[in-house]
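Two chains, two frames, some hints: make the complex.
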Amino acid sequence: MKIGSFGYLIREGAKNIYVNRLMSFASIGTLVACMLLIGSSILLSMNVNQIVGYVEQQNELTAFLEDDVTDEEAVEIEEQLREIENILDPVYLNKEAVLKEQMSSMGDAADLFEGLEGEENPFPPTFRMHVRDLSLLTSTIMKVSDIDGVVKVIGPDSVAEIVTSLKKAISQCGMIIVGVLLAVSLVIIANTIKITVFNRRKEINIMKYVGATDIFIRLPFFVEGFLLGLISAMIAFGLLWVGYDYILRMISQNPSDWIQQTYASMIQFKDVAVELLCWFAGGGVGVGVFGSMVFVSKYLKV
Amino acid sequence: MIEFVNVSKVYKTGTHALNNFNLRVDRGEFVFVVGPSGAGKSTFIKLLMREEKPTSGAIYVNGQDIVKLKRRKVPYFRRTLGVVFQDFRLIPNMNVYDNVAFALRVTNVPGREIRNRVPYILGLVGLAGKARSLPEHLSGGEQQRVALARALVNNPSLLIADEPTGNIDPDLSFEIVDLLSEINKCGTTIVMVTHEHDLVREFNHRVITIDEGMVVSDDRGNGGYYLE
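Chains as they are written, first to last, in my numbering: chain A, 49 to 350; chain B, 78 to 305.
Extracted from the complex, chain B is given alone in its bound form (with noise of 0.2 angstroms):
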């Protein structure tokens, strides 16, 4: 599914983010990527989303070489992408029910199909009553739960959370996660960076642990995660 061969990222600062980095993530995994501010995470995702170039090696994604993938193909690949943001990212000026179909009509889909697939995915994830509310209208965790109903309305095999609780109460982060194991379940590969333990010792998913742009730890995922 997911695959980084030595991959090495050098910004023109000459800030060293990914040193030889070394990756595999299959079908139908849920993987939590941890580490300290400042280990390579963000760029690992910038990398993974085709957002930013690596200086060396390789990237597969669904047996693709991203690296190599022409400007103008990359908004196809970014559409077997789900991407969910820490500050959620949704059009202030939209409602609930327009941010989501906004992915579905940025991409070409027929209006008969946005209209079925909307309140399909809002009852999904516990929005169903709110598809006319304005972001501005909603909690952080809500918020958060129309950023992934975007995320998901596309059908992704892959799903990338970049920190998705950062910005909510604990409470409700375990709930968000716990959305994300269910969908998981359904055979959507799930990447999420995160800077929070407890949720990842709730949650018995294998762990990546980065730091200075390498992996120092790979847990399956037995219940044995401790890190510090």
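Pulled out of the complex, with its shape left as it was, chain A reads as follows (with noise of 0.2 angstroms):
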């Protein structure tokens, strides 16, 4: 093929998406109202996700030591803790700062600890630590059971279970509803894909009369789809960066201190935004140019 007409049929491509613009439109719109959709349904389960994580990280593992654990055999338990690798910052309080932190979180009933310094301290050594994955809880509760000088282990199981489960679900349910909108957009765009090529019909085969190659009659069709799928593309990115950035902005404004916290553990668009527009840009180019030649080969059998 000449370099002239591949530029003509470049510009009749970018044309036709004119020349047809009521069709272009549909497309258009229904491929930017099925990434909004798999694009929000993606950012609302990162999103609780993350926040989930949050919850998770929160929570708290203590391990009790025997009581004569001096501050040397400390040391050696915490580099044991570290060998497991679930287990994030162990951090060690002796006696004497347990007894104080009991003490100060006792506020005016703290003299009922006094007398209890030194020999009298009844409380063991311990290391706080914090978990990276609940659902592995206890099997890391066992493995720090099994380090000597460890007495006891507490570690909140049920919030472990229940955490666990919502992960889980809402990992699964998100999947399941992309999976959803993602058949059914699979469906209507083909369709509109469809319409538009039947619509032209009647062009494809004029061109085939006159002695049209057939990839003379499929690169406008190609131009065209992989250009319906970059507009589109960057239309639902455009209106998804500013709908998220909105919603950010309103949940940072809300005072409730339950909901700053969750707003500091939300996700922020740019951190996603290089992905989500490569994924975008490639699904809409790919169902573009995919459904116009699939559609265009239809009417290529004359």
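What the hints contain is simulated information worked out from the structure, not anything from laboratory work. Ideal placement from N, C-alpha and C gives every residue a C-beta, glycine not left out. You may find that some hints are simply not true.
Unchecked claim - Computed Cβ-Cβ distance ranges for the label pairs, DEER-style:
| id | chain 1 | residue 1 | chain 2 | residue 2 | range |
| --- | --- | --- | --- | --- | --- |
| 1 | A | F54 | B | N281 | 40 to 50 angstroms |
| 2 | A | L70 | B | G217 | 19 to 29 angstroms |
| 3 | B | D295 | A | R69 | 51 to 61 angstroms |
| 4 | A | K250 | B | K147 | 25 to 35 angstroms |
| 5 | B | N193 | A | F54 | 16 to 26 angstroms |
| 6 | B | K147 | A | N247 | 24 to 34 angstroms |
Stated by the list, open to error - Just so you have them, the derived chain A footprint on chain B, three or more residues with Cβ under 8 angstroms:
| id | stretch |
| --- | --- |
| 7 | 145-154 |
| 8 | 173-183 |
Below, the structure written as structure tokens:
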């Protein structure tokens, strides 16, 4: 094919978007709607996961040591704790530190603990730590209990169970919702493209009669599908960005402490922007091009 | 120029469209093809354009057996033909000029040549002043002349006209066939399928009558045509 006609075909493809603007509008509208739905459900499930992750990190594991463990022995225990993969930032509190902590938490009633310093101190030396993955809590507790010098380990068992099953449910639901939306989108998009091509079967037919080669007929549709996909991706991306930022701003202005904490752990759009744009553009262009090619083939057999 | 040798066509539905059909048309001839509905005229055109392949037999156009033509060669074969249909088949959102230029653009003709040939051919069919009009603003006769210009712009050696006057007024029909006769005088072979006996009687050309998938009469054009 000559370079000149290649240019003509590209221009033709771009021009067709304008000439068939009603159908182009329908295709872009459909693609944008589908991408917005899928994009928002992905963002929603990512955020819910993030928030659950935040809750997860608030959970503490406490290991009580034998009463006579010295600070030197505690260093060894800490090393062993750090070797357990699921454990995050173990903090050591010796007997005095635990007592002080207890006293300060009692407030006005702190004098109840008076006289318990030194030999009389009933509190065991303690390690406090966070876990990375709550679903591995039970096995982690067992590993910590196995360390020499550890007497008892307390972990938020019931919370772990709830959080873990919540996380699982969210990711499963998210996947199902995205899957269903994707399937529905494909059907709608396929139909839109089918109508677009059907409307122009006459044109394809005439091209065949005057002796246009298959590639010559396909290329403008290819360009058109490509551009429609790309334009839709850009629009959907822009709308999602504006919408998401708007929601984030609304949340950030809410004075409630709990919501402020939630806000802190929410995903910022710019952190996922590049990835999201790539997915949108890839998906849009892929669907546009593939759809046009498949349905044009139908009318090529003259 | 055109030769059908023992051509039969049976469609998947079981319809026998052509039965052992034989026909020879020489270079530079003007041929009317007539016959009742369902006689096989449309199949004849489809085979001639290589839109369909025969079940058996051979079809030669310009010395080439088009039945054996590879699919990717078909577009190049079609560039040697000009085709006009009853329903004009113009692209509605393109103006007259672009509709004609379209046939050249899709066959890789350079822009300079397009700019020379399109006005010339539009002048030939008497539509030089309507180049910027859209098909919907033209009469049936004018639309058919645009279609004719598109068919001729590639300078084909064979022009196939499938009921070209079927959708236009009788007076204008006469004009169209007159135009075709003029084109024929320049050496283009013309095969025109028609229902209109008046037209056939008016022009003294060869008349081939098809019925039940066979040639039932072949009148070499001395004015003695009559069919019923």
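Tested hints:
The supplied range of 40 to 50 angstroms is met by F54/A and N281/B, whose beta-carbon atoms lie about 49 angstroms from each other. At roughly 27 angstroms, the beta-carbon separation of L70/A and G217/B lies within the given 19 to 29 angstroms, and the hint holds. For the pair D295/B and R69/A, the beta carbons lie near 52 angstroms from each other, so the given range of 51 to 61 angstroms is met. Judged by the Cβ atoms, the range 25 to 35 angstroms given for K250/A and K147/B holds: they are separated by roughly 26 angstroms.
Evaluation of the 16 to 26 angstroms hint for N193/B and F54/A yields a pass: the beta carbon distance comes to about 22 angstroms. The supplied range of 24 to 34 angstroms is met by K147/B and N247/A, whose beta-carbon atoms lie about 31 angstroms from each other. Check on the stretch 145-154 of chain B: 4 of its residues sit with their Cβ under 8 angstroms from a Cβ of chain A, so the three-residue criterion for coverage holds. Counting residues of the stretch 173-183 of chain B whose C-beta sits closer than 8 angstroms to any C-beta of chain A gives 4, which meets the bar of three, so the coverage hint holds.
Checked against the numbered hints given earlier, the structure satisfies every one of them.
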